[in-house]
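Asker: These protein sequence lines map, in sequence, to chains A and B.
Counting from 1, one number per residue, gives the positions in the first sequence under full-length UniProt numbering.
Counting from 1, one number per residue, gives the positions in the second sequence under full-length UniProt numbering.
Calculated directly from the structure, the hints in this document are not laboratory data.
Check each hint, because a few of them may be wrong.
Distance condition first, Cα-Cα at most 16 Å in a straight line; then the derived EDC-like pairs of lysine to aspartate or glutamate [to be verified]: (1) A:K211 to B:D214; (2) A:K298 to A:E219; (3) B:K275 to A:D400; (4) A:K351 to A:E228; (5) A:K211 to B:E272.
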Amino acid sequence: MRTSPQGPSRRLLLAGGLGVAGVSLFSLTGCQSAVDAGAGDAAAGPVRGGVLNLAANADAQPAFVLANRAGNWLWRRLVFEPLAEIDASGTPQPVLAKSWAFDEARTKVTIELRDDAKFHSGRALTAADVKFSLEQAAIPANASQLAAVAQKITRIEADGDHRVVLTLDRPTDSLFDLFHLTMIVDSETFAGLADGAKVVGTGPFVWKEWKPGASLSLERNPSYRVPERPYLDGVTVSVITDPTALQSALRGGRVQLAAGIGTKDAGLLTKDDKFSLENAGGVFYPLGLDVTAAPFDKKEARQAVAYAIDRERIKDQVFGGDATVTDLWWSPGQDGYPQDLATKYSYDPAKARELVEKAGVKGAKVPITLANLPIPQSIFEIVQNNLREAGFEPVAEVLDTAQFDARQVEGKLGPAFLLLHGMVGFSAATILDAMPSLRAGNPSKFTTDEYDDLRTAVQEATDDTRATALSGLSDYMLDEAFSNVTVVANQYHVKARALAGVQVVALGSVVATDAYLTK
Amino acid sequence: MTGHLLRRLPSLALVLLVSSVIAFALPRLAPGDPAAAIAGADASPRAVAEVRAELGLDRSLPAQYADWITGLGSGDFGTSFVNGRPAAELIASRLGSTVELAIVAAILMTVLGVGLGVLGGTPRGKVSRAVLDLTGSVLLAAPPFLTGLLLVLLLGIAFPVLPVSGEVSLLDDPGIGIQYLILPAVALALPQAAAIGRLVETAMRQARQEDYVDLAVAKGVPPGRVTWRHVLPNSLGTAVVAIGLRVGELLAGAIVVEAVFARNGLGALAVESVKNRDYLVIQALILGSVLVAALIQILTELLLTRLDPRVRLEAR
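In isolation and in its complexed conformation, chain A is listed as follows (with noise of 0.2 Å):
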């Protein structure tokens, strides 16, 4: 039986298309403008109020918040706090700790602790949320790149509710590595750092909504220990994973300022001087090689690489110029840096061309694992041209990042490997154990009872012993030239001029205690 259609006309539905059209444009003509609105009301001066938008490529990720991610440095250090902070100079700072002593051996280390710091839950911080930090800190699943210094602990005392004691076997020289890494967490919360249901630290900023892969917002922690602070309301953090959008939230003024800008848009945009640089670190970007597989089982051959290498070039055309160059794994201001051995292997291609066929791999096919990110993509074309023109024969194998993790953990990443380590901050000491390039484990697959015992002279020196120390394992890691650093990049933070007072510290983390908006 032929039914006839109910419902709309077709008439009805031209018209329909057509009105709501209107109404639309309607909406756009008749209200208040976003892009006004967006353009704030900042006042002069260092005065309370006001919201800070900030904006990272990266989401937040709370049940991590004892290890240094880029997706925390934004919100991290206004929510929590760690017991000290290693100011520019490298000296450590007191945030939660009053004070500390060392014994003579360096063995036992006692923390006295503030006694006016608060969680946002009102209680307050005692000895045993340190210990309770700490330990966290040791736990590998808690992923912070510490773990190993923690481990070192061999023991935690809360004595009394502000002292604490921690013993080691031996000395470190990472202890206030650790300290400046590891947030003091609310031990009674701590499980709802999971799923970002419960964040809650001693900070100047209280967490007050997430949206994950979005937004978080914080609000001022009114009852924050240093009068008067914060002076902002509240801070935002949008997470904008393209490079091209976050520069445009900047631009457009939608945010104050933003993590994870490229170096190279990041220069180009303080030419602009309505924005300037906070420096946030730095990466180290090596040529990793696999030691026990050939044809890179020959000393001979790994140190033709390190010749071969145009780090100048690497550092003119990939970091248009904003780049250290420098054969060693520390970071340039470590203190006792044997800067006579960082330029040990200058290119040199004739020098490399006969170490190559000293160790009769010339034409040696070699695959060069890298990630598929745009710097190391860019620093292989460089250093595959350098390759063919020592006698290598390279060839990229390029894995999504994902892959690329999974491969380095199971150090699985073939005879040549392109990595980066955002580790420009830590000691010495530290980068031995924290450093996948280095540690015990590491992907080239190096390990030697020399090796190991320079590390500890490293690891435990003194003052006095540190420099002679740092020049003995440099000496020695250059000669076996398992692991070649390119140049060690700048990183940095874009900053609006309308922000003021904001403090960047080492590792990248930003506190905004005393940040205000000024026109």
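With chain A held as given, fit chain B onto it using these hints.
Answerer: Okay, now just chain B, sitting in the frame of chain A:
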């Protein structure tokens, strides 16, 4: 209509079942390890193993699939590996953004597409015809990301008249929300509108050859009335089918446009989930997409019957 819908249910269920197997297998076929992505590149193998066990990824694949399907039955889509939040909650929190963008883009696509089609399908002089053809070709060739970037540079930075970064929900503040939507929706809609315009134009030209048009002209009906009352309504069937299909493409294009305009919709969630190998969120997104595509297909069939009395659901 109800009978038709009931008859479609078994095939819909079968599509969803097959899709669930594909959605489960697809992310696992990609190399990489969610535990390594979560623990970080600098994690030790021991740390990664602990994370893997914590996420239940050390169990057999059939056991993981069975758990997921059982959960789906009770409305539990699983929990994100990355942030510990339920996948359904994550998707729901992003859905509004993408739906708003897709609706505004679909409206623009329909209005502009039909408008361009009517202009092209109506007798014109040589110059206007050439301008229309050129406009259509340029819009068809310009991908949304390029249009988006040009709009950002022109209307967001050089002459800042509209916001180019972020979003405000239309439900929270319609006046501000629509301003955040206009540029991404235009970038998304333009190429699709041009394609629909071409289809409508062709259909209208064909319709003009029909006898009923000659009769109307012979009776002295004005040209505008011939177009709007006779030619256009009889040419829209093709456009409706195309619009139905293009809505799916709008959602795909939203991934790029959301990135350019820093909107946090489902596209951004999908990209991040794939990057982090967040299996359960990817699975929920794939299954949800299949369901939406199937529902749009059914809706298109229903709408077609309203526009063309010759089409009957029973015959399909």
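Asker: Run every hint past the structure and note whether it holds.
Answerer: Against the structure, the hints:
A C-alpha spacing of about 61 Å is found between A:K211 and B:D214, which places the hinted pair above 16 Å, so the restraint is violated. Between A:K298 and A:E219 the alpha-carbon distance is near 58 Å, which puts this suggested pair outside the 16 Å criterion. A threshold of 16 Å between alpha carbons decides the hint, and for B:K275 with A:D400 the separation of about 8 Å falls inside it, so the pair holds. Distance restraint check for A:K351 and A:E228: the Cα-Cα separation of roughly 63 Å exceeds the 16 Å cut-off, and the hinted pair is therefore not satisfied.
For the hint linking A:K211 to B:E272, the alpha-carbon distance of about 14 Å falls within 16 Å, and the restraint holds.
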